[in-house]
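Asks: Listed below are the residues making up each chain.
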Amino acid sequence: MQKHYAPRDTIAPESKLFKPNLASRYQLDSIFAFILWAAVVIAITVLVILIATVLIDGLGSLDWQFLINNTSYKVEKAGILPALVGTALIMVVVAVVSFPVGVGAGIFLEEFSEDNWFTKIIEININNLAAVPSIIYGLLGLMVFVRIFRPISGGESVLSGALTLALLILPIIIVATREALRAVPDSLRMAGLALGATKWQVIWEQIFPMALPGILTGTILALSRAVGETAPLIAIGAKAYVPFLPASLQDQFTVMPIQIYQWVSDPKPAFHDNAAAGIIVLMVVLLAMNSIAVLLRNKFQKQNT
Amino acid sequence: MTTDTSPRKTNQLWNPNRDRSKRIQFIVKSIFAIFAFISVITTIGIVLTLLFETIEFFQFPEVNLWRFFTDGRWTPKFPPPNQDFGISVLISATLLSAGISIIVALPLGLLSAICLSEYASPQLRRILKPALEVLAGIPTVVYGYFALLTVTPFLRWLINPLLSPLGNIESLKTWSEIQGFNSLSAGIVLGIMITPMVASLSEDAIYSVPRSLRDGSYALGATKRETIIAVVLPAALSGIVSSVILAVSRAIGETMIVTLAAGQNPTLGLNPFVPVMTMTAAIVQASFGDNPADSISSKALFAIGMTLLAITFLLNIFSFWFVRRFREKYD
Chain A
25 MQKHYAPRDT
35 IAPESKLFKP
45 NLASRYQLDS
55 IFAFILWAAV
65 VIAITVLVIL
75 IATVLIDGLG
85 SLDWQFLINN
95 TSYKVEKAGI
105 LPALVGTALI
115 MVVVAVVSFP
125 VGVGAGIFLE
135 EFSEDNWFTK
145 IIEININNLA
155 AVPSIIYGLL
165 GLMVFVRIFR
175 PISGGESVLS
185 GALTLALLIL
195 PIIIVATREA
205 LRAVPDSLRM
215 AGLALGATKW
225 QVIWEQIFPM
235 ALPGILTGTI
245 LALSRAVGET
255 APLIAIGAKA
265 YVPFLPASLQ
275 DQFTVMPIQI
285 YQWVSDPKPA
295 FHDNAAAGII
305 VLMVVLLAMN
315 SIAVLLRNKF
325 QKQNT
Chain B
-8 MTTDTSPRKT
2 NQLWNPNRDR
12 SKRIQFIVKS
22 IFAIFAFISV
32 ITTIGIVLTL
42 LFETIEFFQF
52 PEVNLWRFFT
62 DGRWTPKFPP
72 PNQDFGISVL
82 ISATLLSAGI
92 SIIVALPLGL
102 LSAICLSEYA
112 SPQLRRILKP
122 ALEVLAGIPT
132 VVYGYFALLT
142 VTPFLRWLIN
152 PLLSPLGNIE
162 SLKTWSEIQG
172 FNSLSAGIVL
182 GIMITPMVAS
192 LSEDAIYSVP
202 RSLRDGSYAL
212 GATKRETIIA
222 VVLPAALSGI
232 VSSVILAVSR
242 AIGETMIVTL
252 AAGQNPTLGL
262 NPFVPVMTMT
272 AAIVQASFGD
282 NPADSISSKA
292 LFAIGMTLLA
302 ITFLLNIFSF
312 WFVRRFREKY
322 D
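So the protein lines, in turn, are chains A and B. Its first residue numbered 25, the first sequence is counted upward by one per residue in the numbering used here. Its first residue numbered -8, the second sequence is counted upward by one per residue in the numbering used here.
It is worth saying that the hints were derived from the structure and are not from the lab. Be aware that a few hints might be false.
[As the list claims (entries may be wrong)] Below, a list of computed lysine-lysine pairs in the PhoX-like style, where the Cα atoms sit at most 25 Å apart:
| hint | chain 1 | residue 1 | chain 2 | residue 2 |
| --- | --- | --- | --- | --- |
| 1 | B | 68 | A | 263 |
| 2 | B | 215 | A | 43 |
| 3 | A | 223 | A | 144 |
| 4 | B | 120 | B | 215 |
| 5 | A | 263 | A | 98 |
| 6 | A | 326 | B | 120 |
| 7 | A | 98 | A | 292 |
| 8 | A | 323 | B | 120 |
| 9 | A | 223 | B | 13 |
| 10 | B | 20 | A | 144 |
| 11 | A | 101 | A | 263 |
| 12 | A | 223 | B | 20 |
| 13 | A | 292 | A | 101 |
[Stated by the list, open to error] If you want the footprint, here are the derived chain A segments under chain B, 3+ residues with CB under 8 Å:
| hint | segment |
| --- | --- |
| 14 | 76 to 89 |
| 15 | 302 to 311 |
Note that the Cβ used here is the ideal one computed from N, Cα and C, for glycine as well.
In isolation and in its complexed conformation, chain A is listed as follows (with noise of 0.2 Å):
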């Protein structure tokens, strides 16, 4: 379309000062047009050329052994397991904690809130959270959970870090919940008003189960960011070497990403194999969830349309 332009002479023939230029123009497009192509193309290839280094530099190190070994000072005998067994009990945890209170929290700004000061505070906080460090959230985990708490967390522990976790993604989970509440359509709860129904009732009976598969997708999301986290659970003193698997909530502990950020940094370069494996991994679990999140929008999509 834009190489069908008029003749030069029969555009304004008269005037010398009016030169439209179609051609140089049109050729400065294609040059803009092949930039913005290649920025394109160039994030892809880094995100293509970092998944292919990872599986080359991890696959040979990734066998069942590695899956169910403990972790080790020997190349050949360090495996996963403590590592793996962590992040699956914070995750339990944090799941545990974070579902209530972000959807409790969630429903309350979506359905109940009136135009006060109260709510106007707590929607500022939520915007200022998701703008926070997530070391620094390691930090008041630390202050709070680990020596505050001592008694009841344990100090260094399972429980600290999830409930860490837990507030660091409270605010992703809090704005997924509004946006499944806000799809669904206002004539359910007018239709639940007039027959009668409480407020919470027409939510808890009509609107919920309608929004629950946003929000399941909301969470399954914000969860799997909390898998990859490393610098909160750093900061409130998990250790990279642990050799056991974590009995009780109020045992120390390790997660996938702190054990990969341990052979990464060692100066052995064959752990940085074992590095790799782990990412591996760490991003089929990372894949699962998404994958999982994925479907449920789908369904979600399908069942309201």
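Given the structure of chain A, go ahead and fit chain B onto it with the hints provided.
Replies: Chain B alone, transformed into the frame defined by chain A:
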């Protein structure tokens, strides 16, 4: 037949017990309100924690506010006469890596945003947008691995031969070699990580520019490129600038990439070829050591955190102010 039609008497089976429902609603609403208030408590907790520990940090005799900001060394582990807490060392490293990351992320992110919103077909956009989002979802440890074990060797292989002649000049010695730990590769990978953020927020800004402006520009004879550069981008500028500021704030707060790739050697300066220690890396290093709660190095941890929070908070406030001040309203 008497037909008493008042609802209570015609249907004896329906007993809604509204009082109970109302009480349940009140309890649930209160509990949920408390849950929502937890976000406020979190913010208060963060501020109070950092504030109190920082104040206690400055009460140590070895530390004073002036030296905190002006000292050129960060050596918390050295015994007292040599113990220095100069945070400008850490801030310079943080700004250096964040600066490099923006040099990478701004072109990549903005150009990708323009491409996806103006030039890509809907089918292509459905594939490319999620692909860019994957970049945002990769854990930062993985990026750290990539930066340390792939990007750094690559840069050293590529650039060190060009730089080695500089080694003969004494004052340029530190610029003659990209070392194993350096902030250049950390900054580049950091930029890759924040590119999806710049791209997605810029795309929102570009998308919200009304069609009438574009159509007017085309009607005046402008080409697509001219329209984008002269009409669409200036109109979306506040959103684009805000996306860059938010991305910088994310890059400043980022921990694992810089800890793994930029090293743990506190050096003041702007040389991207040498190991440096950012604020976040300093917190990590301190966390792995022994930190009795009353020790000065533990309090220093929180002082760094306070500075970090202040910087990111100011950046975010500035971003909000900027958007409010310069946003073009079209309806």
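Asks: For every hint, state whether the structure bears it out.
Replies: Verification of the supplied hints:
1. B:68 / A:263: holds (20 Å)
2. B:215 / A:43: Holds, because 18 Å separates the two Cα atoms, which is no more than 25 Å.
3. A:223 / A:144: OK: residue 223 of chain A and residue 144 of chain A at ~21 Å, within 25 Å.
4. B:120 / B:215: holds (22 Å)
5. A:263 / A:98: holds (18 Å)
6. A:326 / B:120: holds (21 Å)
7. A:98 / A:292: It holds: about 10 Å lies between the C-alpha atoms, which stays within 25 Å.
8. A:323 / B:120: Judged against 25 Å, a Cα distance of about 21 Å means the pair holds.
9. A:223 / B:13: Cα-Cα ~9 Å, so holds.
10. B:20 / A:144: holds (17 Å)
11. A:101 / A:263: Distance of about 19 Å is within 25 Å: holds.
12. A:223 / B:20: At roughly 10 Å apart (the allowed maximum being 25 Å), residue 20 of chain B and residue 223 of chain A satisfy the hint.
13. A:292 / A:101: holds (14 Å)
14. 76 to 89: holds (count 3)
15. 302 to 311: holds (count 4)
In this structure, none of the earlier numbered hints is contradicted; all agree with it.
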